[in-house]
Amino acid sequence: MTIPRGKIVAIMGGSGCGKTTILRLIGGQLRPQSGQVRVGGQSVPDLPPSGLYELRRRFGMLFQFGALFTDMSVFENIAFPMREHTSLPEELIRDLVLMKLQAVGLRGAAQLMPVELSGGMARRVALARAIALDPLLVLYDEPFAGLDPISLGVVGQLIRHLNDALSITSIVVTHDVYESLKIVDYLYFVSEGRIVASGTPEEVHASSDPFVRQFVDGAPDGPVPFHYPAPAYREEILSRDC
Amino acid sequence: MTAELAAGIAQWLRRLGATVTGAVSQLGFAARFLIAVLWHTPHAFRRIHLTLREIYFTGVLSLVIILMSGLFVGMVLSLQGYETLKRYGADEQLGILVALALVRELGPVISGLLFASRAGSAITAEIGLMKTTEQLAAMEMMAVDPLARVVAPRFWGGVISMPLLAALFSAAGIFGGYLVGVRLIGIDAGAFWGQMQAGVDVWPDVTNGIIKSVVFGAAVSLISVFEGYIAKPTAEGVASATTRTVVISSLAILALDFVMTAFMFRGANAA
Amino acid sequence: MNRAAIDLWVGIFVALGFGAILFLALKVGNLLTLDGTPGYRLEASFDNIGGLKLRAPVKAAGVVVGRVEGVQLDTKSYEAVVTLRIDREYQFSKDTIAAINTSGLLGEVYVALDAGGDTTMLKDGDQIAKTQSAIVIEKLISQFLFDKASSPDGGSFGGSEPAKAADKAAEGAKK
Numbered sequence: 001m002t003i004p005r006g007k008i009v010a011i012m013g014g015s016g017c018g019k020t021t022i023l024r025l026i027g028g029q030l031r032p033q034s035g036q037v038r039v040g041g042q043s044v045p046d047l048p049p050s051g052l053y054e055l056r057r058r059f060g061m062l063f064q065f066g067a068l069f070t071d072m073s074v075f076e077n078i079a080f081p082m083r084e085h086t087s088l089p090e091e092l093i094r095d096l097v098l099m100k101l102q103a104v105g106l107r108g109a110a111q112l113m114p115v116e117l118s119g120g121m122a123r124r125v126a127l128a129r130a131i132a133l134d135p136l137l138v139l140y141d142e143p144f145a146g147l148d149p150i151s152l153g154v155v156g157q158l159i160r161h162l163n164d165a166l167s168i169t170s171i172v173v174t175h176d177v178y179e180s181l182k183i184v185d186y187l188y189f190v191s192e193g194r195i196v197a198s199g200t201p202e203e204v205h206a207s208s209d210p211f212v213r214q215f216v217d218g219a220p221d222g223p224v225p226f227h228y229p230a231p232a233y234r235e236e237i238l239s240r241d242c
Numbered sequence: 243m244t245a246e247l248a249a250g251i252a253q254w255l256r257r258l259g260a261t262v263t264g265a266v267s268q269l270g271f272a273a274r275f276l277i278a279v280l281w282h283t284p285h286a287f288r289r290i291h292l293t294l295r296e297i298y299f300t301g302v303l304s305l306v307i308i309l310m311s312g313l314f315v316g317m318v319l320s321l322q323g324y325e326t327l328k329r330y331g332a333d334e335q336l337g338i339l340v341a342l343a344l345v346r347e348l349g350p351v352i353s354g355l356l357f358a359s360r361a362g363s364a365i366t367a368e369i370g371l372m373k374t375t376e377q378l379a380a381m382e383m384m385a386v387d388p389l390a391r392v393v394a395p396r397f398w399g400g401v402i403s404m405p406l407l408a409a410l411f412s413a414a415g416i417f418g419g420y421l422v423g424v425r426l427i428g429i430d431a432g433a434f435w436g437q438m439q440a441g442v443d444v445w446p447d448v449t450n451g452i453i454k455s456v457v458f459g460a461a462v463s464l465i466s467v468f469e470g471y472i473a474k475p476t477a478e479g480v481a482s483a484t485t486r487t488v489v490i491s492s493l494a495i496l497a498l499d500f501v502m503t504a505f506m507f508r509g510a511n512a513a
Numbered sequence: 514m515n516r517a518a519i520d521l522w523v524g525i526f527v528a529l530g531f532g533a534i535l536f537l538a539l540k541v542g543n544l545l546t547l548d549g550t551p552g553y554r555l556e557a558s559f560d561n562i563g564g565l566k567l568r569a570p571v572k573a574a575g576v577v578v579g580r581v582e583g584v585q586l587d588t589k590s591y592e593a594v595v596t597l598r599i600d601r602e603y604q605f606s607k608d609t610i611a612a613i614n615t616s617g618l619l620g621e622v623y624v625a626l627d628a629g630g631d632t633t634m635l636k637d638g639d640q641i642a643k644t645q646s647a648i649v650i651e652k653l654i655s656q657f658l659f660d661k662a663s664s665p666d667g668g669s670f671g672g673s674e675p676a677k678a679a680d681k682a683a684e685g686a687k688k
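Residue numbers (our numbering), protein chains in the order written: chain A, 1 to 242; chain B, 243 to 513; chain C, 514 to 688.
Because the hints were derived from the structure by calculation, they are not lab data.
Since this is a predicted model, take the numbers as computed values, not measurements.
Misleading hints may appear alongside valid ones.
[To be verified] What follows is a list of derived Cβ distance ranges for each label pair: (1) B:ALA433 x A:THR70: 14 to 22 Å; (2) B:ALA477 x A:TYR233: 32 to 40 Å; (3) B:GLY331 x C:THR632: 36 to 44 Å; (4) A:ALA219 x B:ALA273: 47 to 55 Å; (5) B:THR503 x A:GLY146: 50 to 58 Å; (6) B:GLN268 x A:ALA219: 30 to 38 Å.
Cβ atoms here follow ideal geometry from the backbone N, Cα and C, with glycine treated the same way.
So that you can see chain A by itself, here it is in the shape it has in the complex:
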């Protein structure tokens, strides 16, 4: 899997096929059992702790459901990476935080606590936090999960605009076909730990690959089976054991 700089790439697949694992491999939270993970030419698993630290400072991650620090306000959540990794004065941090919040449309919510935010708002705050240090690479773990249609549109547009405006590279892990096809440059389809298909949105729309078709059309049965593996139906119903 190759992710070119400055592009948005989606990794799609059913639940449990390994999408989040890919993000964890890129972030160095997991080590690969075989193969390579290279970011900006460096091999991630071989980095010393200081190298990993440097690498992580250069990317941002948006976790599923936000993962905002619940004991801090919105402002402090976004200021967190700035305060931890830079020695910028408080006035400057304040301005930067407000700028990031403005970019996601939540400048007025700076003093709210995460519990007071709706799902969509929390996701946007988490997005602002992910880009707090102007990273080179942003990883999105299921950014569309559980959102209402308006928020879906907002988040999708934000991902696209921020990617272009800040010239960052984005990797979006999701299973929301509709939203992804609107904004991404390239897609990879993953099933049971392997890449089964890939292509641009146009190629995917027109694809005749059975897996891609099942995914895009949302068909219940196909290469990804409906039934969980079980013994033959007739035998199980008629047998005596539990």
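Got chain A sorted already, so can you dock chains B and C onto it with the hints?
The following block gives chains B and C in isolation, referenced to the frame of chain A:
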């Protein structure tokens, strides 16, 4: 029949072995965890406001329950003690009885148990919940070590709070004992305080009590952060981790108390 | 909770905590009464120290003037050698008597110093010449019974016999 029995016993033995090896490796993991937390101690004190915040949540917010419990325990000690001492005409010794019982044992132990159930369980739940909502993972990905930022301040907050709470418990208890003994029952105030001063020595009694509470604080804090950190990221996982913190902390306090008491006070009544 | 409020409350808490520790050390314990004041040492030998323990008080006229610092058995004379630590502000004459008393029937055992009239004072390391051992209740009782058994009418409990026997027992206990 015997074949089945043998198989059953073998199965049971295998499970026992697995449990023991599991417990031992858990202990090893806990030891490594402790070393990692201690390693990040400088960070906890450089970002002192993090530790201060924890002292607030574990110490200041426990003040009410500690002072009230101390007061009641002291009052009961006085009541019960008086009944028994009166039989031997030694009711003037009430001051020493209350003071020694509190300063040497009840102060550190009971405040330790209260601390474990109030602050310890809160710490476990908080860390477990942070793990469940991926806040710890988010921190890691932002190149901030959760052990340094979340765990170490909570550990040291507990270690610092405990001896202060134990001393406050003992002080409140002695005051309660005074209220019941002198004001209620009518023992001479001079005898109460005088005998107490004569019988309670700073080195073996007060300082050993403080040492005990520091040890308890370290044990409870370590157990609570550890259980929170390794909790399963589900609702049941956090709940069972919280219960485990309270149970294991309480047992640890009582066991450590026995060991330390045997070590500290065996020589006190010699000669 | 903003930072200033937290700092304030933590400060109050720590101050209260240390206050409690000080209270325990000073009011409840005896920090100031002993370890601070400078003192000097005296030695006294007794036949029997009874229930005298380490850190037992040393009193003169009922006032605490020091503590028992050490108890040893002299293997040559088989006497108990007690080291007393006396506060520097109290001086005692060379002919002071050291006696081991019990405060009340069940009270604690302490060393009582009875000063004499000698003008020379005891210095650090001196020996107290005259001592009075502890009254051991068992010896008192057995003495009493022994006297009773060996008296001519061996059995009467009236009159001055018990008083005389008690006197003899007390004398026997005195060294």
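Checked hints:
no., hint, result
1, B:ALA433 x A:THR70: 14 to 22 Å, "violated, 55 Å"
2, B:ALA477 x A:TYR233: 32 to 40 Å, "holds, 35 Å"
3, B:GLY331 x C:THR632: 36 to 44 Å, "holds, 43 Å"
4, A:ALA219 x B:ALA273: 47 to 55 Å, "holds, 53 Å"
5, B:THR503 x A:GLY146: 50 to 58 Å, "holds, 55 Å"
6, B:GLN268 x A:ALA219: 30 to 38 Å, "violated, 47 Å"
Of the numbered hints stated above, those contradicted by the structure are hints 1 and 6, listed in ascending order.
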